[in-house]
Every structure is written in C-alpha cells, then in structure tokens.
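Mind docking chains H and B on chain X? Use the hints.
Protein chains in written order, with the working numbering: chain X, 1 to 416; chain H, 417 to 1400; chain B, 1401 to 1495.
Where hints are given, some of them may not hold.
As the list claims (entries may be wrong) - Below 25 angstroms or equal to it, Euclidean Cα-Cα: the simulated DSS-like pairs (lysine-lysine) are:
{"id": "1", "chain 1": "H", "residue 1": "LYS1003", "chain 2": "B", "residue 2": "LYS1495"}
{"id": "2", "chain 1": "H", "residue 1": "LYS915", "chain 2": "X", "residue 2": "LYS153"}
{"id": "3", "chain 1": "X", "residue 1": "LYS266", "chain 2": "H", "residue 2": "LYS441"}
{"id": "4", "chain 1": "H", "residue 1": "LYS1284", "chain 2": "B", "residue 2": "LYS1495"}
{"id": "5", "chain 1": "H", "residue 1": "LYS572", "chain 2": "X", "residue 2": "LYS154"}
{"id": "6", "chain 1": "H", "residue 1": "LYS1096", "chain 2": "H", "residue 2": "LYS1284"}
{"id": "7", "chain 1": "H", "residue 1": "LYS468", "chain 2": "H", "residue 2": "LYS686"}
{"id": "8", "chain 1": "H", "residue 1": "LYS562", "chain 2": "X", "residue 2": "LYS266"}
{"id": "9", "chain 1": "H", "residue 1": "LYS915", "chain 2": "X", "residue 2": "LYS7"}
{"id": "10", "chain 1": "H", "residue 1": "LYS915", "chain 2": "X", "residue 2": "LYS169"}
{"id": "11", "chain 1": "H", "residue 1": "LYS1311", "chain 2": "H", "residue 2": "LYS1360"}
{"id": "12", "chain 1": "H", "residue 1": "LYS441", "chain 2": "X", "residue 2": "LYS153"}
{"id": "13", "chain 1": "X", "residue 1": "LYS266", "chain 2": "H", "residue 2": "LYS572"}
Simulated from the structure, these hints should not be mistaken for lab results.
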Amino acid sequence: MRYSGFKVIKEALTGHRGWGPAWRDVDPQPAYDYVIIGGGGHGLATAYYLASVYKQSRIAVLEKGWIGGGNVGRNTTIIRSNYLLDGNEPFYEFSLKLWEGLEQDLNYNAMVSQRGILNLIHTDAQRDAFIRRGNAMILNGADADLLTTAQIKKRYPFLNTENARFPIKGGLAQHRGGTVRHDAVAWGYARAADQRGVDIIQNCEVTGFTIENGTCTGVETTRGAIKAKKVAACVAGSSSRLMEKAGMRLPIESHVLQAFVSEGLKPLLPGVITFGAGHFYCSQSDKGGLVFGGDIDGYNSYAQRGNLPVVEDVCEGGMAIFPMLGRARLLRMWGGIMDMSMDGSPIIDKTHIDGLYFNGGWCYGGFKATPASGYVYAHLLANDTPHETATAYRFDRFAKGLMIDEKGQGNQPNLH
Amino acid sequence: MTQSNRLDGGLIDRSETWSFRFDGKWMKGHKGDTLASALLANDVRLMGRSFKYHRPRGPLTAGSEEPNAIVELREGARKEPNTRATTAELFDGLRANSQNRWPSLAFDAMAINDRLSQFFAAGFYYKTFMWPAAFWEKVYEPIIRKAAGLGTLSHKPDPDTYDKGFLHCDVLIIGSGPAGLAAALTAGRSGAQVIIADEDFLLGGRLNAESFALGDDPAHVWAAQTVAELQTMPNVRVMPRTTIIGAFDHGIYGAVERVSDHLATPEDGKPRQILWRIYSKRAILAAGATERPIAFEMNDRPGIMLASAMRSYANRWAVTPSHQVAVFTNNDDGHRTAADLLAKGVTVAAVVDTRSDAPKTSDYETIAGATVTNTQGRLGLTAVEVTLASGTTRTLAVGGLGVSGGWNPNVHMTCHQRGRPTWNADIAAFVPGGALPTGLSVAGAANGDLSTHGALMGGMHTAQSVLNDIGLASDALTLPPAEDAPVNVTPFWHVAGAKRAWLDQQNDVTAKDVVLAHKENFTSVEHLKRYTTLGMATDQGKTSNMAGLAIMAEVAGKQIPDVGTTMFRPPYTPTAIGAFAGRSRDKDFRPVRKTPSHVYAEEQGAVFVEVGMWLRAQWFPQPGETHWRESVDREVAQTRKSVGICDVTTLGKIDVQGADAAEFLNKIYCNPFAKVPVGKVRYGLMLREDGIAMDDGTAARMAEDHFVVTTTTANAVGVYRHMEFVRQCLFPDMDVQLISTTEAWAQFSVAGPNARKLLQKVVDPEHDISNEGFPYMACGDITVGGGLRARLFRISFSGELAYEIAVPTRYGDALVRKMMAAGEEFGATMYGTEALGVMRIEKGHAAGNELNGTTTALNLGMARMVSKKKDSIGSTLSERAGLNQDDALKLVGFKPVDSKNPVPAGSHLMTKGDPVDAAHDQGYVTSACYSPELGHHIGIGYLKAGDTRLGETVRLVSPLTGVDHDVQVVSAHFVDPEGDRVRA
Amino acid sequence: MIINHPLLGPRDSAEFTYMGDARLINRPDWQADDAVAQFTDYGYLRDNPAGAHRELWFHEGGDRSWLVVTRDTTTHEITNVELARDVARAEGRSK
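Okay, chain X solo, but in the shape it has when bound (with noise of 0.2 angstroms):
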C-alpha cells in the first residue's frame, strides 16, 4: 500500500481502519536464493537494494527477535560523510547520498534532516588534522566547512567559551550532516523490501550453518533449516558469535556503547556538535529529546548495558561545552553492542567458505552506514565483486598491512 497524502487524508477521516501491515508476517520457506541473517537496518537495507536494484529474489532476512531491535534502535542518529582517509570516505559519502533521497525512494518518512554536524576544534594540532580532513572530504565530493568562533557561537549562541578549560578555536561542519529517526530506517527498508516480496521472518534464531565441501549451503535456524544459495551475515554486535558456528575468528570485538536521551525540550540545538576535547556529541530530536553519547565503556561486552563512569564522563563533555545542561535531565540510557573492529573500519567481504558471506565491524558508527552498507552488500551477494566504494573492506587487509585507521589506534577495537 503506497502512502499518499490522499490517502493518509481518507484514512484519518475513517478511522484508520484501511491501514495494513508495514510488512507481513511470513513463515520460513524451505528454501532461498538469498538468507539474509539479521533484521537490523544493514540487514533489512540489503534485502531491499537485492530486489529493488540488483532485481534478485528469493529473498530471506532472519531475526532471531523483532526487526530494527540491535543497533539500529539504539544509536544517537547521526548521519554524516566526514571521513579521512580514502577507504572511507567514497563509502560513507555515497551513503549520505543515499539517505538524501531516502524518503522518496522507500515511500516512508524516516525524517532525513540535514541539519549539519560540527566537529570542535581545541588545539592547534586538531584543526591542521580536521583541515586535513575538510580537504579530504571536498577531494572524495562531499561538503566541509571550516567555522570561526565567532560563527559558531551564532549558531550556539550558549557555548562556553569564556570559561572553559579546553578553549574553542572553531570547528569543522558538514552540513550536509545530520539525523535521521533511527527505527523508522529499519521500518521503511523492511516495508519497501516487504513490498518488492522480501521474506521478513522474525523471532527466527540462525543455530548453525550447513557448510558441505567448503560450501554454505543454508542456515540452520529455531524455525527448521532454511536451504540458500548465498547466506549472508549481517549480524553487527553478535557476528563473533554468529560467525564462530562457522568456525570462523573474525578481527572483531563486541563492546558496549551507552546512549542516553534528556527529557523533551523546546527547541534548543539546530544540528548535531561535537566536542573535541572529551568525548561527547549531542543533537536534538524532532520530539525535543537532547540525544546524546561519548565513549564507549572500554570492555568487552554482550550485556546492553554500561557503567556510571562512562555515563559521568559524557555528561562532564556536555557540561563542559553547554553549561546550562546542568538543570535539563537525563531521562533514559541504554547500550548497544558494538563490533568494534581492530582498525575502526567494516568488512564486506566473502568469507573462504563459498556462499558465505559477512558485514560487520561497524564499530559505533553503522547507523550511517546503513544505506551504503545495504547497497554495497547487495551489490557483492549479486555479483560477487566488490562494489567501487567498498573496495578496501576485505579480510586480508590486515594481513596485507592495508587497514583502514581513522583514528591511528592500531590493533585495539576499544580505542576506535
């Protein structure tokens, strides 16, 4: 069913009682040309680019609980492109195109709203690095900006920055950056896919896969195995312990990230900011909620749930940039596990195992992603090459010494 404004008119005046399901509930076909496994945004995203672009079918996405319930559920929506390095950056703008014409492609508001990201800059030594990065950003065609000041604070007219211990010396913007409302991405991707006849099978746990000769030849789930032709994973925080019932150690760690939402307020923040000097980033909601986070807690873990000293140490960067935060509230923190990579960046890639396919190690930052990720992923379960803006996302770059190291941590997931 397409929504219209004439149809959304002729429902409201009778009742709603003509709205169907956003997605049917299907039992599990014996067999697919395509299992998808996981129903996240990357998972659902992929289902939908499979049948809309590359015009497959047959197509299957297996949740073991209820669809958008992982990350995509629980991030602070920030959508942006201002990556540094090349592997990157290509990727993560072609997603942020992606999303800019989200709404129409999928017939579903999932309210894209480019409000701009701003990126603060501390030191000296920090803006030679974020000029770097504009200018990487501007060469690989996506937008930067570099900010005075003064031009910020008329943007944040209530930044400290008479009385503050790390000084602001301007900030990098994107402001083509921005949020986007995170269920919705999962909502409307499984709704389109649903449409294009994608099998949306929830409360379907993968228990195993059916590997014969070196071939994945199907999924073992709490539902009955399930034949596929290609099963790819798609599982972000869980792909240890997904991939382990392949045999498979993957260059992934799970760890937990909080995220924490104030009470509504009247509008307050117009874009997303970032402080530089701790970790802390925060936008507004549509609803007036401030959306915010920081660091993650630092240990692996699979619990969704975080500790005081993180939740502390994010609201010290929201003070130490907002002063006035001290008498708005947090109403609710929640954590999501993240597949923190050993050099911050994704895999998309085939596994040894033929038919077997993995994308993971978003670290914290796949919510983004999600467009490209799908797009991208599909594109390699169809053509097995991949796709021109995820070239560098194999397996064997660590081993080839090519890795993909935003941040120039090296080897240690929970410095990404």
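Same frame as chain X, now just chains H and B:
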C-alpha cells in the same frame, strides 16, 4: 486566594504559611506541601498541557510517576523545565510557570492539534510530510520541532554546583515504606552498616498517605518513630530526598541526593545535588508499587487522578481536587479512597466498580458492574457519565474522579541488568523475576506483597535473610499489627468502545493507537513502544505501559506475559545532567598540570596553551610586540643566535633499571640498544606490535643497569603502560623495573651556540661539560648550584648545540631563574612551544603531527632503523606488503615557489597537471611554520615516494581554506642538514 | 565494576585501563617461518566470546600491575583475577 480545597489534618505544617506564584498568580501553601498539593489547595487543577494534542491536564498522581503536572520551576538561570509539580517541594517564594502552551495555559493555540487528532494517529508522520521532497526540512520539520518539546532551558550557565561522593554499606535499602523501614530497623539493630534512601522528603512511603493504624497509632506515627530510631543509630545513614537511579555492576548503585532543591537557592557552599556511588554488599528493593489507571473515554481531564493519589492528597496534604468526587475502580483498594475522602468531609457521589460483586457499604453509593464512559469539563472535570450494567447511563456532577485499576510493583531496579519480571495472576501484575542484579533482594509491595502487614513482614524477613548471607545475626522485630487485606482485583484495563481513552497521557497515546499499531504489525512490545511512543515520555510509562501491553494482548489474542515487557532502564526517574557532571565543568572540567617553571613564566607574561592536561608556555611576549609571530620569531632567532631556554618537563620520563634493562629496551625500540655505552644517549623509535610508529624519544644510559627513557608529551601515559605490558606479560622473567618519573624531574632544554657557556655557569665546576668531555649525545649525573643532584643530556630538538638539564622538580623554579640570570650576559631568552615547534620543523624532526598512528618507520624515512637482527615489538608486522609499497608516503619538506605563500598544514598535494581529486591525492602537509632562519614559510609532510621527488614542484591545495599554489619538494632538514651545530 | 586485585583487594574498575583478550600474552616466535601470519592472527583475530572471557586490565591508577581478569561478557560477573605476570610465566614465557 484562600485555600478553598484545603481539608483538615494532614502532615503539613500549618504554622508555616508560604507564598508561591504559578503563571503569575500568587497563592499560599504550607511547609510540607508539594507544588501540586498547594495548587490543588487553591482549587487549581489545570497545571499543564500534553505533548502532542496540547490537552489541558492536571496531576494524575501524587508522586514521581507523574505524566501531566510538569512545569518550569524557578526562573532565570535556575529554571528547571519539566519539573513534576507532584514532587517539587514548596518553599516560600517559589515561582513556577506552565509550559508547552501559547499564549496561556487556559488558552493554548496549539490545542488545534487536538481538533486534528484524527490525522495525528500513531506513526502518522512516517506516512506523510514527504511531498514535495524538499519540504520536510524546510517547512514541516521546523513546525513540528517548535510544537514539540516540553519546557525550555534557560540558555544560561547553571549557577549551582554538584558534588559526587562514594558510600559503602553492608545493606542498601531502597525505599522507606513499611517494607523498607522494617528492613532498615532489622538491619540497623543487627549492627550492619545500613543506608536507607527514599526519593521523598518525608520517609514512610504509603504509611504517610493512608488513614489506617499500625497497632495503636496512625501509620505515619509509627513511620516517624521508626525513622527517629534509625536516625539515632550510628551505623545507619538515613537519606531522604535521595533517588536510587540505577543498579550497576557488582552491587554498585547510583543515587542522587537533592540537597537543596527544596530551598529557594542552595545554602552557601552547599551543592544543589550529590551523585553518590553506593557500594553495597547487599541491597533490598522496597520501592513499593504504583497504582495504574483504567482507560476510558476522555479520561484525561484535570481532576481525574489515581485513587491512591486522591487519598494521598487528602490524608497527607489535606487537599482535595474538588469537594464533590467519585471513584472508578476494579478492586477493593479504590473503596479506601471513597472512605477516606468521606471521612475528610468530601462528598463522594459514588464508587463506580467494574465488578458486579463489588463490596457495598452504607457510607456511600456503590454502582456495581458499571463503567465510566465519558467525562465533561474543558479545563477541568465537571461531570462523569456512568454506564450501568443495564446499559443506561447516569451523570455524576463531580470535580474529582479517583481511578484505580490495581497496583504494579515497582520492579524497575530488578530489570536494570536485563532481568525480566514474571506475571502474577493473583494481583494481575508483573513481579520481580528472572536474574536480579547480583546481591539484590526485593521486599514488600515491590515484590507483590501489597498489604501493609505483608510489607512489614517481608521487609523484616528479607533483611534477616540478607544479613544471614553476609554473616550477621539479627533478631526478629516485634512489628505492630497492620491491615492485611487480600488483593481483590478483577483485571480491567479499558472501557470497550472508547474513542479516545488515554494510556500515556503525556505523549497522548490512546488505546486506539495500540490497536492501529497492531494492525500495522507493530506487535512486539518494543515495536509498540517505538511506533506509538507509549512509555517514552518523562514519566517513562510508569502509569501507562501496563495498559498498553494489556490492550495489545487483547487485540493479538495473547496472554499479557506472552506480549512481554519493555526493558526498564536507568535512571529510575529523570536526573539532572549536572549531577552526573559534578564539579567537572568550566575551568575545572579536567585537572590542570603545571610545569615547574609555570610561576616564572607567568611572571614573564607568558601566553599559555593547553597540551593535554598540561598548560605550557606558548610564547613570551615582550613589550612592544603586538603579534604572536613577533614573539616567536624573536625567540627562535635569539636561540639560534645565542641561547634559549624551554621547559620540557612535560615530556614523559621513564626510569628503566635492572640487569636486563638494555635487553628490555631492545624489545621496546625497533633500533638496537644493547650496545649503547654508559654515558650515552640514543634516539629510539618505538613501534606498536602492528608495525606502526608509536612514539619516539631518547634513552640515556646512566649506568650499566639504568636507562632514562623519554617519550613525547602526548604519549607519556600510553608508552609507560605499553612498556609495563611488555615487561609483565611478554617477558616476565626479565630483571627490569620501570617507573614513570615525569613529575619527579624538572627538565629544561638549553639550546643555542651559547648553551654550553651558560651551563658552565650553572653546573658545578667539577663536571666537565666541554665539547670533548661531554660530546653530542653524552649524558650523565651532575650537580648544579653547589651540590644539587641533576642530570644532563646533550640532545637537541632544535638543531642547535643543546642540552637538557633535569633537577628534582621542587628545584625547577630555582633552576630556571638561575639559568636565566646566568644567561643574561648572552641575552638568553625563554622560548615557548611555538618556537620549539618552529625549530623542530626547520630541523625536520617528526612530532605528534607526523607520528599520527598510521605512519611507519618507512614513512618517516627511518626504515633502516628497524633491526632485523633482533626481536622487537612491531618489527615482524612492519614487514607486511601494504606497509612497504613502492609509492609509500615519505616525510619530506616543502617550500613555496612564490616565497610569499604559506604552506598550511592540512593541505593536500597533487602532481602538477593532475586533476584535483581524491584519486590523484599525493599526500598532505603535516606541520608548517614561518621560518625566521629562511625568511619564508616552510612545511613538512608526507608525499608518495617523496624521497625520490626532491626538487619537483607539486601543487598544494586546501579547498577547505581556499589555498592553491605550487610548492617545491625539498629535504625536511631545512636547517643545518649536516648536523654541525649540534656537535659544536 | 569492582575488580578484586590479588594484591590490593577490591578496587573500582575506573582505576584500571582495559586492553582486551588475555591471549595477547601469547606472542608468537618472531623467528618462525610463518611469523608474519602468526603475528597477524595474534594481533588481529579474537574469540570475542559471549560468556567467560579472560582479559587484560592494567591498574593504571594503582600499583601498575597487569591483571588477567576472567569476566562473563553477558553478565559482567568476575570469577577470577590473577597477576598477568604469573599467568605469563605459567604459559611458559620468560625472557
């Protein structure tokens, strides 16, 4: 205005009459009131507007679960948006304003949304606002944003302070109702270290809100007596106004104590709030239960509230929303409200009971088997329509309606570590279940024991069991007899057929929205919540989630427990962000580390710069200098001409001692160290295990078994940690010990042609520091100023004849003054980090900008330093092909073709004639400066195969800053490439 | 979290710095024929279990011991804490 709705009795202090202002109108209340009770006393029921439809709202509750009566408390910089009137303590002069309305609370233009509510069903925005495509951000979203949100922040810095503290106890008791008090008394008398915390300012929980007796006394008297006894016990800490916000790992609880929120302004020196981290061996959750409403048509008018809240207002605060009230209930507890209000002289029109076998009394009318099917009153309730079992309707003219749908145990804290509650059909509610946080037990109503007797006994027994666990004996209490009424409840969630029956009153989620969500397949409980926003408001669904689940179960044909519950997450109630930040704000955001010469530098008028936690002198402006470049150029020129002094204490210093010290450094550095002679310094490059450069510095061999290692300022902590890892985890039997001595030694660089002459005036004469006696890269223990132990290193970052001299930190200030005095005849200058940077760029030394975590020894032009004859950290993985490509980046220098041009750091480099895009990127400039020595700007940076391109002209571009001109590739060593000066 | 330090007793985890999998103690032999491959596995691949995890913590704000902590990554429960040096020796590491 008189307090027309004030009743007799209550636990307020009528001897204190206070004035307060709400929306510009001054009224009176008493000590012990909340803002909500004081407003009700003054016949004000309308206190807020709902989020989406801007419906007029009054208090639904009398506690922290309040969804409706939220206001902007205080004014100016202390304004607190979204403050619950139901928990805000009254103080004299309190000012509050309603929020989320325009122009006024009584007439809110945004209430047009209510008229259009059929368009604003759950999820409406996902389906619309897409046409035309550009309109979302430009038109629709700004309108939505402006209409949404609740209160307003002041935009001014929070003027109050917040503290943090740590507490330790044997038993933490959360809640001070009958269960909590019984538990605290049991534990307190046993001698255990006890903390009892309650969010309320008056301890006692429901004992303060009920009319029944405990033994011979009113319940609140027993509560007060018990609290008084606890307060006399030295082993018990009684914490009112303290909310336990979350159960974290290993028995750690977060708590926020509202020290000053009940005062107009905090007392001098007192914080507004304190965030406590409570380390408990055991904890007892005695958080009670929350009554839940029944959903019916137009159930949201001011004057409609939970029956228990109506009772609390009457018994504790001696107020009523109206002198004519009714009750709508599905259980016996609702009848208590009728009885209590009647006893207070309020007219009870009827109790509408959904049960056909409802208990009857002669005191008031009971309408059994009936439901409330509509209400009237635009800004406050005036009448309710009751549909009788027979189907006929009756209208009751009342201004207050108490609603009781049963009680939900407050299980939140039991779920903070992902435990899931279980369904208890007897009380038709979820009770604690699954894996509770380690060490947490639950007692009383929170555990489903809803009678007072049950709560008292549960509290005592739980405490005894917990004390037994930790090896403490305890005696049973003699508890007073208390009511022990059974829970007679027949589940009843919503009145069928209602068109607009609110579940989540703040977010305006109605029963219909749940049905629509189900229709659209948002049936899992998390989908329901996210799609309809049920339970996402500031009250976190404490009064609404249960009914939402029940209705979803009904339409899905499932049992309630099969639908599930959403996760409960910290904090238990919304918590001021300031409390989490504590004192870490403004200039105190992070500690400040000052160098030993800080005071001296201040005296010299130095400009300081933040370097990590350190404050370092950036330059030292002299009279007449108007631009920083003048100062820096002078410092550089004077140093290169004569002598300059710079505080380099911030560089990391690590003492390495032991028989295996040299062998250990052989592992740490990629270049060899085993054969460094005593009395010599060697430059060392440290790799990470992945083969990337980690840090560089020097290691000075002070003795056969003693090295002093220096690190960069930025990496001092990380390098030390890494070295300890290598020592303890990789080579545990090496005879080597490490200690960081960064703070132990004040260290100064003394650089320039006259450096030796200056030092010869400072170093005691028995130490030969002539060029022959103390050549380049020499080091040794010396004494200065007549016997003070010191260390001298002949190393140079500036490219000049230079030394670094170290003395114990407390002598740093004296040393710098002594050296500057000694240097006066040479015109010695202090130089700051800028001049330091300029000279190292002129010399082509790599620093933080070059060691950026992605560069290898090869990139730095130091590939040959990586010894293949020994094992060292990172050596093996540095061999990977990708790190050794033919066109690898190499560190080179750049000078502008047009000497007026700068060479800005962060610029990218393009081969002449190539397109300017990422595909043709050749590298980037890492560090740049104006070189006083050369008279033009210079830069160093990484260029693909740069070492083979010396002399080539490349295009330097910085589209971000509008720079585009040619530079020539040169050696990074701009000054004295042969190194004659350092050996002079 | 609280880490029961073998020498110092219970300490708040905020005093510690985390590194990761305790297998990082098992550094390969640099002279092995396939040293680069071994070091690649050592440096980059992790078990990352959901359950008991042996991991390295550094008592940075304390006595500067490296510890091997056995902690359940699903519940955060800590069941064992050892000095990393003892673990390393037990696994045959020496000089």
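Unsatisfied constraints (hint numbers, rising):
1, 2, 7, 10, 12
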